[in-house]
Each structure stands twice: as C-alpha cells, then as structure tokens.
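Chemist: Please work from the sequences and hints to get the whole structure.
There are 2 protein chains.
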Amino acid sequence: MTDLKHKILTAVTEDLSAIEKALNENLNPHFDLVSRVAGHILFAGGKRLRPLLMILCARLCGYTDRNTARFSTIFEYLHAATLLHDDVVDGATLRRGKQVANHKWDTPTTVLTGDFLLARGLSIASQTGSYEVIETIAEITENMSQGEIRQLERKGDISLTEEDYLEVIHCKTAVLFQGACRTGGLVAGAATDRVKRLADYGYHLGMAFQMADDLLDYTQDSSSLGKHAGADLREGKLTLPLIYSLAWAKDKDRKQMVALLNNPDFSQPEFVHLVEMMKTYGGIAYTQTQADMHIQKAKAAIEPFEDFTTQEILVDIAEYALVRKL
Amino acid sequence: MTDLKHKILTAVTEDLSAIEKALNENLNPHFDLVSRVAGHILFAGGKRLRPLLMILCARLCGYTDRNTARFSTIFEYLHAATLLHDDVVDGATLRRGKQVANHKWDTPTTVLTGDFLLARGLSIASQTGSYEVIETIAEITENMSQGEIRQLERKGDISLTEEDYLEVIHCKTAVLFQGACRTGGLVAGAATDRVKRLADYGYHLGMAFQMADDLLDYTQDSSSLGKHAGADLREGKLTLPLIYSLAWAKDKDRKQMVALLNNPDFSQPEFVHLVEMMKTYGGIAYTQTQADMHIQKAKAAIEPFEDFTTQEILVDIAEYALVRKL
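Which chain is which? The protein sequence lines are A and B, in order. Under the numbering used here, the first residue of the first sequence carries the number 1302, and numbering increases by one thereafter. Under the numbering used here, the first residue of the second sequence carries the number 1302, and numbering increases by one thereafter.
It is worth saying that the hints were derived from the structure and are not from the lab. Each residue gets a CB set at the ideal place from its N, CA and C atoms; glycine is no exception. A hint or two may mislead.
Said to hold, decoys possible - From the structure, some residues in chain B lie toward chain A, with a derived Cβ separation under 8 angstroms:
hint, residue
1, N1327
2, L1328
3, T1414
4, S1446
5, W1549
Modeler: Rendered as structure tokens:
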C-alpha cells in the first residue's frame, strides 16, 4: 500500500465502517435473491469512494449529523446499479476480480436488481427532505444512462473526438461524483456558492478518475486491475489515450491501430505494440496531463473552506485518484 | 369497439390529448437514439391508462391544475421503463404487435433507455413538490423490480400458490395503478382517508387488470392480443387460471398440464386441450370471479366522492378492465 493510500484510509476508518453498516441496514429487500444479487456487487470490495465524498463534503461544511452515513448510501446504491447494468452492456466476465452477476445469475435478474438498487437510492433521497437532493439524484440517473447509451452508440467509431469523449465521461462518471459532493453541501445546508464549489470539486475529481481508469486499461496488468486489461479496446470503446494517438499517428500506424480496434481477438504482443505506439504518439502522456489538470482544479475548488483536516483528506483523495495505479 | 369503450374514450378525449402532448414534451433526451428507443415503446399505441387514472383521481378531488398532465407522465414513463426491462426479461419478440426494442436495437440500449425513463419519472416526481409523491414513486419502482425478480425466480415452479401469485401481481402491476391513483389524491391535496380510498381503487383495479391479462393469455388469439397467445405458459410463468386448475385436477390431467408447462415447444392442439382442461377444472371461471370481486371493491372505494361525472368514468374504466377482451 502506498503511503498516501494508508494516510487516507487511516483518516476515514470510522467513516468507512459507518458506510459499511449503513449499506447493510438500508438495503431492505423483500426477497432473499435480491439480497444475494445486490450483495454480490455491493459487498465485493468496493472503495466506497462516492459515499465517502458525500460525508466528507458535508463535514467540510460543518455538518456531522449521524444520518449522513445513511444518506451517503444513495451514491453506492446508484453506483452498484450502474455496475450491474454496465456488465450486461459490456459483456465483460470479470468485475473486481469476481464473476459478473449476469454470468453468475442471468441478465434479467441482474437488470432487475439494478432497478431495485436505483429505486433504493431514490427512496433514501426522498428521506433527506431536500428537493434539491432529490433532483440531483434524478438528474444523475438520467445523465448516467444517457452517457452509457452514447458510448454504446459510438462503439468502434474512430471519428470520436476528444470533445465527444469528455461528454461521455462527464455523463457516465463525473455526474455521480459531482452529485455526491453537491449533496454533501446540500444536506449541510451550505450557501449556494459553497455547494457549487463542492460540485466542482466532485466534477473535476470524477473526470480525472475516469481518465486514470481509461489509462489503466492500457498500462496495467489484468491481475492488479481485477478485470482483463485491454477490455476497452476489445469492446471497441475509444478512450482518450487512443483518441489522441489516432489523431497524431502516421498513416501506417493509424491503420494498424484501427485494425486492432476492429479485431476483438488481438494477441498480447499486438496489444503491447499498440501501447508502445500510444506512448510514441503521446496519447498516454496527454491523458495524464489532462487528468492532472482536473485534479488541480478540484483542489482549487475546495481551497476556501476552513476545516483544514477534512480539506486535507479531500486533497489527498484527489491526488491519490491520479497516482493510484499509474 | 364496445359501447363501454366508446363511452369512456368520449369522456376522456381531451385528457388523452393532454397526456400525449405532455409525454412528448417532457421526455427531454440529450441524444437522438434515446428518443428513438423510448419513442418505440412510448408511442406504440399504449392506452395511457395509468396517467389517465392519476388525472381522473385528482379531478375527483376537485383538482384541475394544468400541471396534472405533466405529472401524469410519471406513470407512463415508469410503465414504459418496466416494459423495456420486461422484454429483456421475458425473451418475447412481440409487444403491442411490434418487434420488441431489444430485437430492433439490442439488450444494452434497451436496458439503458429503461433506466433513462425511470429517471425521467423520478425527475418529474421531484417537481411535484410533494415528498409523499416522491416516496410513492420510489416505492413503486422498488416493488415492481422485486415483483419481477420474484416471478422470474419461481418460473416453472409448480408449487406456486395462489397467495404467491397475488404477491407477485401486487408488486409487478397493482402498485403502479395504486401509486397513480394515490398520487392523483396527493397532488390534489386531498384528506388522508380520501387518498387511501383512491389508492384502494387503484390497487383493486390493478389486481383485476392483471388477472384479466393473465386470462387473456389463455382465451384470446394472437392477432387481437398483439403478442403470441400462450406466452405465459411457454415461459413457464404460472398464473391464476393454471394454478387453480392444477390444484383441482385429477392426477392424470395434472401430469399432462405439468408436461406442457415444461415443454416450451407445445403444439397448438396441445394448447387448446390445456385450455379445455382449465375450463373443466374451473381455473378460468375462478379467475374471472376473483377479478370481478376486485372490481366490486374498486367501485366501492370511490363511492363516497361527490363528483359524479368523474366517478362514473372511473366506474366505467373498472368495468371495462373486466370485460375488455374476455
């Protein structure tokens, strides 16, 4: 474990326990099967980053009500719901090193359990007593589903631009981080400009987080990734490292890259060669720079807050998002 | 068209136009594909029964705000979302006489468009300014997904009892009718006991509606049904006509029924013979009686309301639910 990770985990030990307890207590399924399928994804070693962000943002605004952990489950339930639906979408077989739910059970059960988790998130949102929170949650769900649809629609489309990519990752990833941080401010009853700053922190963190994730798909081996490396490429999913490299590649290399993108059965040496080309054309470095820029903006957004202890944890989390697996 | 159907449609012409307009205006997708997939299910000749019930229940309480049509879209969006997810679940190929979305597009796009519609329903619910409405909507979604999971889990299970069946159809169908009618009362600001009466009307109507639907799967031909007759049997889905018949059948006949239930490739003559047996053992008549009982309770629930014009339409709808296709 890196020093930074250790430092963060030590600072949030109690919060993580409270989140874990709340996730268990608030699931409330009628039937055993729902509990098993939801549990398969919910209790598979998730980092609880999204609920943690909500709790920390609320605390940054001076709010320490004990309901915070319960409200924070909204963001893990929504996240788990999208993971279940994504697995159906992606056709992947592994998630967090475990068999995906739609292989262990079936697609229908997985889809319906995702629906249940979405609904649980909304039920708990309705208990916050804040229309702004409820609207935030509904908007998150609208955006996430549309981001995924957009990504799916553009699969294998080599004309995808950096702008298109940014729109997709905003919808599918950053809105949830943004919403979690925004909700932290809202439940704390913070002033509008402060809520806006927290939302900005979440947005930039989410953008950087997804960019780092997309980089990892090219730079890390399968065992530490908990899923198969090169998965994005295999699914024809264009992400920033490849988009940038395609734009700058010489014709010959560009053709090779496109051929790989259109061949889900590429070999390991072919994949390694692609990553080399992406390094040559700067796709890896550019993505790192962009992710870093978002992290700087995230940190700047929370600078004016006075609770320096909590602020430091949020800064650490932002920095860790960048270095975690690079 | 029957006289009763004609009478109802004449009475609600303006409401149906307002619903149609609101469904179009409130969909608000970012992307064209979402609009096409959602439109495929939304504008395929649905009866708009659920939004209509909300509007009529609000009117029964003296509420005629022009926002009612917009709020009523919640129930059609939720309904369409569950139809999209059900089609993935059921593996059927036809819905309302059209190819199902997951055949026309694919399963992932269908699942995600369903998510988008769920989220739209929630977003609009958050605009009602009533926590009770929002909670009602969240609970509907929780119950519907669980009802479907339960049904799926018990597929082909001949030990399914009438009680199990009632629990499933309550969750998967009646809660949405109940929620639509309840919401009508809530947006009208009606007293608690009146809201309860409207919810009861919706509940009993929904139960009867699903029973009538389950009967139709045995008693009507494919062309007027808009999907393939015998679909429930083919999917191993036990419904009340069969559950009752199985309970009362002689050993020899019972074995024949179970054999058909376990053979999705049954022939048309085999199906006709099964329906004959179900008539003999009273499964058809019993289901009709039960549906009728629920309709009587639905009508009784709205008796004390003073707006006789609206009350009459709701009574007509209840009666039509029973006779519509039997």
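Chemist: Hint by hint, note whether the structure agrees.
Modeler: Hints and how they fare:
no. : hint  : verdict
1   : N1327 : violated (12 angstroms)
2   : L1328 : violated (11 angstroms)
3   : T1414 : holds (7 angstroms)
4   : S1446 : holds (4 angstroms)
5   : W1549 : violated (28 angstroms)
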